[in-house]
Amino acid sequence: MKKRLLAALMAGLLFMTTPVPAVTSSVSAEGTNPGKTFYVATNGSDSNNGTLNDPFLTLEKARDAIRALKAEDGLPEGGVTVMLREGRYERTASFELRQQDSGEADKPIIYTAYPGESVTLSGSKHLAKSAFVPVTDSAILGRIISPEARTKVLAADLAALGITDYGQLSRHGYYLANDLSEVPPMELYVAGEGMTLARWPNESTVQMDEIVDPGPTRRDPNGEVHTRGGTFTYTYDRPQYWTQADDIWLDGIFGYSWEWSYNKIASIDTAAKTITLRYGEMSGLFKNWYPDFHFAQNLLEEIDMPGEYYIDRTAGKLYFLPNAGFTASADPDIEVTMLKTPMINALNASYIDFSELMLENGRDSAAVIMGGSHMRILNSEIRNFTNSGVLINTQSRFYYSNFEGAPGTDHDIISTHIHHIGGTAVTLTGGNKTTLQPGNNAVENSHIHDFAYYHKAYNPGVLLSGVGNRMSHNELHDAPHPGVLIFGNDHTVDYNEIYDVCTTFSDLGAIYMNAGEQPHERGTVIKRNYFHNIGESKAGVEGVYPDNFTMGLTIDENIFYKMGNSAIKNNGGAHIQTRNNIFIDSKIPYDYADLYLGDEPDDQVPLNYMPKWQALFAANNNFTGTPYMAKYPELADFFTENRYYPDTNTFQGNVIYNPVVTRSVTTNVYGAYDKFGLVQYADNWVTTADPGFTNLAGGDLSLRPDAEVFSAIPGFPDIPFADIGINGKAGTTAGTGSYPVQQVVAYDQTITVDRWKTVKLRTAVLPWNADDPALTFTSADPAVASVDSAGVVTGGTVVGSTVITVASAENPLLSAQVSVTVEAGDGVMDFTNFESGANGWSQDAYRSIEKISGNRWYKVLNGASSLSAKSFSEYELSFRLKTPAVMGDNVTLYVFDRQAGSGSSRIGYKTRADGSSAWLLYNSAWTVLKEVKLPEHDLKPNTEYNVKMLVKGGDISLYLDGAFRLKGNDPGHNAEGKVGFYVNNVSHMLFDDIQFKAPTTELAGIIPAEREVRLAAGEQKQLHLSFDPSDTPDTEVTWQSANPAVAAVDQTGVVSAVYEGNTVITAVSVANPLIKADIAVTVSNIMHETTFENGGNGWPVDPNRSISADPDGNRRYKLLNGATALLERSFTSYQLEFKLKTPSVMPDNGILYLFDRQDSAGSTRIGYRTRADGTSAWILYNTAWLKLTESVLPGHDLQPDTEYTVKLTAKDGDISVYVDGALRLTGSDPGHRPSGKVGFYTSGFDYMLFDDIVFSVMP
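1009 is the number that my numbering gives to position 48 of the sequence shown; each next residue is one higher, with no gaps.
Hints are not guaranteed to be accurate.
With a Cα cut of at most 30 Å, we get these calculated DSSO-like pairs of lysine-lysine [to be verified]: (1) K1913 with K1831; (2) K1718 with K1690; (3) K1939 with K1958; (4) K1891 with K1913; (5) K1499 with K1831.
These are calculated hints, taken from the structure and not from any lab test.
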C-alpha cells in the first residue's frame, strides 16, 4: 500500500479533503432508526414475527414480510431495515430480489448486521476438524509420490457426512473455451484461506517441448475445437507417476500469451513422452515469442505441500495435507463451497442496501444486480467466490434469469473489501449506448485484490462497460491479468491506487482497452491515479494500455512509479490526450507503438481495420445527427485524418524523472518512444533532479509548495496524492480491521542440502491474512548455508550445520528455527541441459532453445548476449559448444566472467582475415591481459567442442577439448557476478550442458613455459612447467619423446638435441594420465626464432618493450627510447638476423646497441651512432666500453621510416655486422664473454621496431 508512513495525522486530513467520503449505513438498535425494523437470527424461526426478541430465521422470510408490508400499508417513512444478528448464515440458494422488493428514494430497504455484531452469509458447508483422519488405505498411499506426505495426509469422508455435490472440473479459458465451462467445482477453505488443488510443479511451471499435432483452432468448422485437442511432447519425467489418475487438467498458455487455457489431458504416452489434450486451443498449439507454460492439477499423486487437497468424486472423499491454519487451532473453520448460484440475485430491484455483511464461499458469484437503480453494497466484505464477485447489469454465465428491462443505473459498491475472487471482482456495465446517457454505476472506496485465480485471463478487478460508469478511490492489486478492463464510452477512472497486477501473463496492462474496431467508443477519462510496481520483472506488461487503435482517451494527472516496461503504451491509437502526468523510474514513460502502423496493403489498417471502420460508419450514416457526433465532433474527420500514421495524440506538460531506473535508449528527448515522430509534444520536463516530492523515499509523492515542477511547467496541477486510494476503511466496521501476526510457522524443522544446491523453506504466518505477512530469513553461518529473502536456502562452500531463523518482519520476536545440515554432494553448483527449459537462461527471439537431431541446444544469435541467472565467485565452467556451418573472418565469442553491473573479465575468441585466430583475456576496461594467437581458425565450422574454463581468484584459464588454450590473471576481477556468452559476426552459436562446478585442487591442466623449442644438435635445455590450478598438489609428471633420435628427454625435463628434425616432448600427469602437455622440439641450425605474432617468445614485454601491430596487421617488437631488451636465453657462438624498422625521425646523437653474450661481468657491444655533423658510425666496444673498432660513414646509415635486414655473426671473439647484406663492421674482442644473453638498447630515438629475430648456428 502507498501510504503506510503517512500516519494518523494524514488520515485525518484525508477525511477533510477527499471529494468522496467513506459511506456507512446509519442504522442502529431498535428505536433509533426511523421506519420499520425486522430481525433475523441464527436461532430464529420463520414462524416468528421478526421482532428483536422474536426474530426470523431467513432473509427470505424478512423479504416476504416486507412484501406483505408494502402490499398492506406501503413502505413506512424511513423505509425498512432488516437487521441480522451475529453469526453464520448458510446459504443453499440465491437470495432472490425483484422489483416488488424495492425501496424508494426516501424509503430504502436496508439489509445490515446488527450494530457491533459480525454477520456472515456463507455458501459453504462447515466440516469439523475431527472429520479428518489419517489415511490408512495402502492403495491411496501408494499413489502419493512424497514419502513424507504419505505419513501426514488426512481424509474426510464427505459422502458419509451427506455431502455429495462436488461439482466437476470443466473446460474454461480464453474466448470459446468458456462455451464448455460449467459451474466451478467445490473448493476447500481453512480459516478463510483457499487451499490448493494438488498440482505439479508446486509453484513454478513447465513448458511444452515439440508440437506433434497443433490440433484444431477456433476457426475450424463444425466446432472441432470442442471435440479434440492437440498433442505435444514433454521433457519432464513426472507423468510416469500419474498412470492411475484419470481427471488431470493443465492450466497455462499453449500459444499466444493472452489465450490462457484450462484444458483436460485426454491421454499420456509415457513411452513417447507425449500429452494429448481433450480440447483444442483457440489458435492451436504453438510456440510464441512469449514462452508457453503450464502446470498439472487435480492429482492425488502430487499432494506434498501443506494446504494441498484432492477430492475423490467417486468415493466421496477429501484428501488434505494439513496446513498451519488447520494444525494450530483445536477448532479451525473448515469449509467446502456448495452454493452454485449467485448469493444475491436482484432483477429490476431498486433502493436496496446491503451493509456490514460478510459474503463468502460460493462456487458462483456474490451478487448479481440487473436493472433497477440505486442498489448499494457498502461497508461489507466479499470473499472466496469462484466465478466472480459483484456483477452489475451482467448475469452470471451459469445462472441466467429471464430479464426484461433497461440496464440499471446508479448502483454503487462502496467501502467494501472484495478479495479472493476467481474471476472478475466487479463488473460495472450500464448506460444507454444510443443516447450516451450515463449508467452512473460505481465502485468506490473499496479494496479489491487477489482476483482472477480461477478465470485467469481478461477477468479484471473492475470491468467497465456501457456508458458513463465509474471507479474511484479504490485500492486494487495482486492479479495475474489486467487490473481494469474498459469497453464503451465516457467512463471515469480516478483516484485509484493500482499495483502488482499482470503478474503471470504478458501483452496486457494494468488498465487495458481494445476498442480499435469501435472507434466511436471513446471519452473515457483516467485521472489522478497512482500506478506503481507494475511489470518490473515481466516483459510485455504495461501501465495504461490502449491497444489496437483504441481512440479518444484522456490520461491526465496520474502518477506512474516503478513501471518495468511502458507506463503508457498507445498501440496505434488516435486522439489520446496525455497531460500533466508524473513518471518516476519508468523504463518507457510513453510508448507510441508502431507495430501496426503503415499503409501497405498487408498492413493492419488497410487489411483488417479500414474495411470494418467503413462498414461501421456506413451502417450509422457516418454518425450524422447522433449524440456521438455531438459529443465527439472529431468523428466527422475520421476518414480525412491520417488513419495509417495517426498524428492526433498529445503528450504535454508531463514530468519524467528516473533517479534509479535507466530510461530506455529508445525514448526521445521528451521521454517517449515515437519512431515516426507523430505525437504532439509541449512543455514536457525530463529532469535529473527530484521535481519536488515531499518524501519520495518514504512513499509520500505529494508535491511540496516550493516544488521545482511548478516553475518548470507553468500551471502544472498540484496532484492531491493524499486523496488517492481508500479513504477510511473498506469492509465491515465491526472489529478492529487489524490483523497482526500471531505466529510464524516453519513446516520443516530440519532440512539437509548439498553444497550449492537449493531448497525452499515451507513457511507460513498466522493468521494467513495478516496485515504484514512478510518474513525475514537469517542464517547463523552463511558459509555453511545462506538464505535469500524468499526463503530459498543454498548450501554453502563448507560442509556443516547451521540454523536458519524465520522471523516476522512486523514483530521479529515471533520466529521459528530450521536446522540445516549441508553435505558435500557432487560439487555441481548449477547445471542446464535445456531438455526441460532454460533454467534461468534468457529466452526470446535472440536466445532460444532449439532441438537438433534429438538434442536441445541453447541458440544465441548474432549480436546477442546471455547471462546466467545465478552469480558465482570461483568456479569451473564446462559446456558444449557447436559452431554454425560458416565461420568467417572477425567472428567473436566472449565468455563473461563474474559480470557485475557492466564490467567483467572476459575470455574472447576471435578469427582474423589472415586465417589466424586468437584466444584473449580482457579486463573490465577491455585491456588485453593475455593473448594466444593460433595460425589457423581454432574453431572449425559445424563442429562440436567441449570447453572448460577454470576461475580461481584472478586466475582464469581455458581448455578446448581438454587441450590448454590460455591462462592469465586479472588483478581487477570482480569477486562475484554472473557468467555468460556473447556472439558476434556469426549467425549463431549453440550451447549445451552448461555446468558450474566448485573448483578443486585437482589438476586441470599442465602449462609448458614454452610450446615450441629450437635447439642445435648437441644442445641441451631445461623444460619448465606450471600447473593449473596453481595450488594443485598433482605436480608429478613423466616425460617422453616421440622421437628420441631427434631429441631425448630425461625425467627431470632436460631435453638433449641429437639430430636435425622435429619431435614432440610430452609431460604426462601421474595423477591423471589423460592430462598432458606437448612441447614441439625442432633440432636445426635455427636456435631461436621470434615473429611476435604469438607473443614475445622470451623477449620481455611491458609498456617500454611492447608488441604493436602495423596497419597491415603485422606485429613488431617496439623498443622505446632508453629501454633495453635481452632475450631470456644464452648463446655461445651464433648468427643473428633480424628486421629493423626506424622511426620517422632520426635525430643526431641517436644510439642503438646490440649486446653480445651478456653475463654478470658485462658484454661486448656493437653500437650504431648518429652525429651532429651528419655522419654516423658502427662501433665495436669491449666490456669496459673501450672502442675496439669503428667504421665511420659520411651520412646517416639508417634512414628514417625504413626497414633494414641486419645480420650479426659472433664466433668466439670475432664479430661482424651486415646491413641489407653489406658489411658495416668487423672486429674482434679478445675479452668476449664465452656465453650469455643477446639483446638491444636504444637512446635518442623515439623507438626502434624489431621483427623476425632469428638465432642460427654459425655456418
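Hint-by-hint comparison with the structure:
| no. | hint | result |
| --- | --- | --- |
| 1 | K1913 with K1831 | 17 Å, holds |
| 2 | K1718 with K1690 | 45 Å, violated |
| 3 | K1939 with K1958 | 14 Å, holds |
| 4 | K1891 with K1913 | 16 Å, holds |
| 5 | K1499 with K1831 | 18 Å, holds |
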